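Engineer: Next come the chains, spelled out residue by residue.
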Amino acid sequence: MGEKVTIGGIIYDVGNSTATKTGTWRVFKPVFDSDKCKRCGICAKFCPEGIIEITQEKGAQANMDYCKGCGICAEECPFDAIKMEVEKK
Amino acid sequence: MKTVMEGSNAVAHAIRLCKPEVMAMFPITPSTHIPENLAQMVADGDLDAKLITVESEFSAMSATVGASATGVRAFTATSSQGLALMHEVVYAAAGMRLPIVTTIVNRALSAPINIWNDQQDTISERDSGWLQIYCETNQEAVDTMIQAYKIAEDKRVLLPVFVCMDGFILSHTYEPVDIPEQKDVDEFLPPYKPEHAFLDPDKPMTMGPFAYPKPYAAMRKELSKDVMKAKAVVKEVHDEFAKKFGRSYGNGIIEEYKNDRPIAIVAMGSVCGTIKEVVDKRDDVGLVRVRCYRPFPKEELAKALKDKENVIVFEKNVALGLNSGAMYPEIKDVLYSAGSKARVNNVIGGIGGIDVTKENVENFIERLKDKEGVVEFLGGDPNE
Ligand code: SF4
Ligand code: SF4
Chain A
8 MGEKVTIGGI IYDVGNSTAT KTGTWRVFKP VFDSDKCKRC GICAKFCPEG IIEITQEKGA
68 QANMDYCKGC GICAEECPFD AIKMEVEKK
Chain B
-5 MKTVMEGSNA VAHAIRLCKP EVMAMFPITP STHIPENLAQ MVADGDLDAK LITVESEFSA
55 MSATVGASAT GVRAFTATSS QGLALMHEVV YAAAGMRLPI VTTIVNRALS APINIWNDQQ
115 DTISERDSGW LQIYCETNQE AVDTMIQAYK IAEDKRVLLP VFVCMDGFIL SHTYEPVDIP
175 EQKDVDEFLP PYKPEHAFLD PDKPMTMGPF AYPKPYAAMR KELSKDVMKA KAVVKEVHDE
235 FAKKFGRSYG NGIIEEYKND RPIAIVAMGS VCGTIKEVVD KRDDVGLVRV RCYRPFPKEE
295 LAKALKDKEN VIVFEKNVAL GLNSGAMYPE IKDVLYSAGS KARVNNVIGG IGGIDVTKEN
355 VENFIERLKD KEGVVEFLGG DPNE
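Going down the list, the protein sequences come from chains A and B. Under our numbering, the first residue of the first sequence is numbered 8, with each subsequent residue one higher. Under our numbering, the first residue of the second sequence is numbered -5, with each subsequent residue one higher.
Treat the hints with care, as some may be off.
So the derived list for chain A, only partly shown, Cβ under 10 Å to chain B, looks like this [claimed, not checked]: (1) Val12; (2) Gly16; (3) Ile17; (4) Gly22; (5) Thr25.
Okay, derived cross-link-like pairs now, DSSO-like style, lysine-lysine, Cα gap no bigger than 30 Å in a straight line [unchecked claim]: (6) A/Lys95 - B/Lys292; (7) B/Lys229 - A/Lys11; (8) B/Lys208 - A/Lys75; (9) B/Lys44 - A/Lys11; (10) B/Lys219 - A/Lys11; (11) B/Lys252 - A/Lys11; (12) A/Lys11 - B/Lys149; (13) A/Lys11 - B/Lys292; (14) A/Lys36 - B/Lys208; (15) B/Lys215 - A/Lys11; (16) A/Lys28 - B/Lys197; (17) B/Lys238 - A/Lys11.
Since the hints were derived computationally from the structure, they do not count as laboratory data. Everything numeric in this text was worked out from a predicted model, so none of it was measured. Note that CB positions come from ideal geometry on N, CA and C, so glycine has one too.
With the hints as extra help, turn the sequences into a complete structure.
Structural biologist: Here is the structure:
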């Protein structure tokens, strides 16, 4: 954005969806409780953005550049390890 | 060599000469004979094109857009409700800058349902970004088809074009037409070599993407400017065609016929033939035929009309909610901006295929020559 538009808005530099930071759309944010988290990976499978990473060390964590705050992860977690909170900006 | 043939058949031959690679069409009166003739040509091996028989006009235009986006010359034809059904994709084609050519055999829009000629269908697409060229004769429709691809594919244009011909009056009428030689058309119209939009796995691209408000506004502004700039190419291609094939249509943008008189009629399409005959018998009226309606020829019309006493805008469409034709306020805008003192009147005629006779033209001239700001409907009285 901001650059000169191409004819018909055609994008030649493809694979650029990471340039759109969907995290700016967020109202709620998921807060992960590492102690409750069983590292089962269910939330990661359901996240429509595919931005939840599970590590043994920290458990589930979302890439907040792209998390839209949809709350699907919190809804799907069987162990109540995710809470949605209003994000203060 | 001139051959007597039906308008639709003549246009189909012109399309064959343009060698489209994909044609996606759905039959609708009165444009049906064009896909019929083209399908026959493909079946006979006279035209090497992929013919897609689709289930609706929405699909016809969608498939045409898809084909053009792969970088091939694509064609479709339709009329009336068919064009209305294409509407969403019509806008997409222009926004995506795809050089599609579509023949529109002009017909009235429902309701009430009516299969006959007027120009409501294409007038209703006037803001879409497509260029619109209106033909007076079948020969002009043939010649304009060939010009249209050259205009559309020009690197300075890259916009789709509607070639408009009046339903039945042209499409179903047998007239002598000269169908150019393939060799000459090939010289005039080389194969389409897409540089901006094509399918190549080694060079992937995204077409018709989502745009946030700022780039959207930027693209629409650019599109608006580019549609206006296309006028110079319409003229240039017309002139080049005239040089090569020996036939011209005014200056390619408008045609002035005995326009040295105090009254001018402004009109589009086949009715201009009738108006010319009336003009020949009078000494107070001339004709200014709008050939290229989009982009709208503001400068040409200002020059042709600003010194008139009276301008009568004859139109085959109704702008409902404005109670005039769509072109009437546009002509007024041109005259106002030119500081003209001309009185302007509007005749809405030939709606739903009602005949426009020389007597009709004589009569409206007589009724309106001393008037100002009158909008009248020809044949609008059911008791007439
Ligand atoms: S809130 Fe939605 S987008 Fe964010 S991590 Fe959870 S599922 Fe993914
Ligand atoms: S679904 Fe819940 S428990 Fe499973 S990984 Fe995600 S946060 Fe942890």
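Engineer: Please verify whether lysine 44 of chain B and lysine 11 of chain A have alpha carbons no more than 30 Å apart.
Structural biologist: violated, 36 Å
Engineer: Return the status of the interface hint for threonine 25 of chain A: holds when the least beta-carbon distance to chain B is below 10 Å, violated otherwise.
Structural biologist: Result: violated, 14 Å to nearest chain B Cβ.
Engineer: Compare the distance between the alpha carbons of lysine 219 of chain B and lysine 11 of chain A with 30 Å, and conclude whether the hinted pair is satisfied.
Structural biologist: holds, 15 Å
Engineer: If you draw a straight line from the CA of lysine 252 of chain B to the CA of lysine 11 of chain A, is it 30 Å or shorter?
Structural biologist: violated, 47 Å
Engineer: Closer than 10 Å between Cβ atoms is the bar; does glycine 22 of chain A clear it against chain B? Give me holds or violated.
Structural biologist: Holds, because the Cβ-Cβ distance from glycine 22 of chain A to chain B comes to roughly 8 Å (cut-off 10 Å).
Engineer: Would you settle whether the hint for isoleucine 17 of chain A is holds or violated, based on the nearest Cβ-Cβ distance to chain B being less than 10 Å?
Structural biologist: holds, 5 Å
Engineer: For the pair supplied as a hint, lysine 95 of chain A and lysine 292 of chain B, is the alpha-carbon distance within the 30 Å limit?
Structural biologist: violated, 55 Å
Engineer: Assess, step by step, whether the Cα of lysine 208 of chain B is no farther than 30 Å from the Cα of lysine 75 of chain A, and give holds or violated.
Structural biologist: holds, 22 Å
Engineer: Is the straight-line distance between the alpha-carbon of lysine 36 of chain A and that of lysine 208 of chain B 30 Å or less?
Structural biologist: Holds, because 28 Å separates the two Cα atoms, which is no more than 30 Å.
Engineer: Holds or violated: are the alpha carbons of lysine 28 of chain A and lysine 197 of chain B at most 30 Å from each other?
Structural biologist: holds, 25 Å
Engineer: With the threshold set at 30 Å, check whether the alpha-carbon distance from lysine 229 of chain B to lysine 11 of chain A stays at or below it.
Structural biologist: holds, 29 Å
Engineer: Is the hinted pair lysine 238 of chain B and lysine 11 of chain A satisfied, with a Cα-Cα distance of at most 30 Å?
Structural biologist: violated, 39 Å
Comparing the model with each numbered hint stated earlier shows that hints 5, 6, 9, 11, 17 do not hold.
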